[in-house]
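S.K.: Start counting the sequence shown at 185; every next residue gets the next number (my numbering).
In case anyone wonders, no lab produced these hints; they're calculated from the structure.
No residue lacks a Cβ here, since even glycine has one placed at the ideal position from N, Cα and C.
Be careful, since some hints might not be right.
[Unchecked claim] Simulated restraints, written as ranges between beta carbons of each label pair:
| no. | residue 1 | residue 2 | range |
| --- | --- | --- | --- |
| 1 | G206 | L260 | 15 to 25 Å |
| 2 | Y207 | V228 | 27 to 37 Å |
| 3 | Y195 | T226 | 16 to 26 Å |
| 4 | G274 | D223 | 39 to 49 Å |
| 5 | A222 | G256 | 34 to 44 Å |
| 6 | K272 | R247 | 30 to 40 Å |
| 7 | L273 | H197 | 14 to 24 Å |
| 8 | G230 | T257 | 22 to 32 Å |
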Amino acid sequence: MGELANTFAAYPHIGTILPAMGYSDRQLKDLETTINRADCDTVVIGTPIDLNRLIHIQKPVVRVHYDLQEIGTPTLNEVLDDFVKRCKLG
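Given the sequences, and given the hints that come with them, work out the whole structure.
M.R.: Below you can see the structure in the form of structure tokens.
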């Protein structure tokens, strides 16, 4: 739907994962409509924000939480530093 179609076109590797790519009014409405039209039993939310506070999801919802434990190199910080340098963002 809407803006999400552009996201799927830009990131085809995400497959069946529905990303929350932004929280503007239009993006939230697009996300809400897409979730509510999805043929699924349960919606698994893995974003840091509680989407139930922003949109009305008409399906059972489960929130998951995660932590990052780095196990080697490069570390996340090193990867991000490299990205910032390569893209001249810093």
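S.K.: Decide, hint by hint, whether the structure agrees.
M.R.: Here is how each hint holds up against the structure:
no.: 1; hint: G206 / L260: 15 to 25 Å; result: holds (22 Å)
no.: 2; hint: Y207 / V228: 27 to 37 Å; result: violated (19 Å)
no.: 3; hint: Y195 / T226: 16 to 26 Å; result: holds (23 Å)
no.: 4; hint: G274 / D223: 39 to 49 Å; result: holds (44 Å)
no.: 5; hint: A222 / G256: 34 to 44 Å; result: holds (37 Å)
no.: 6; hint: K272 / R247: 30 to 40 Å; result: holds (37 Å)
no.: 7; hint: L273 / H197: 14 to 24 Å; result: holds (23 Å)
no.: 8; hint: G230 / T257: 22 to 32 Å; result: holds (26 Å)
Hint compliance for this structure: hint 2 alone is broken.
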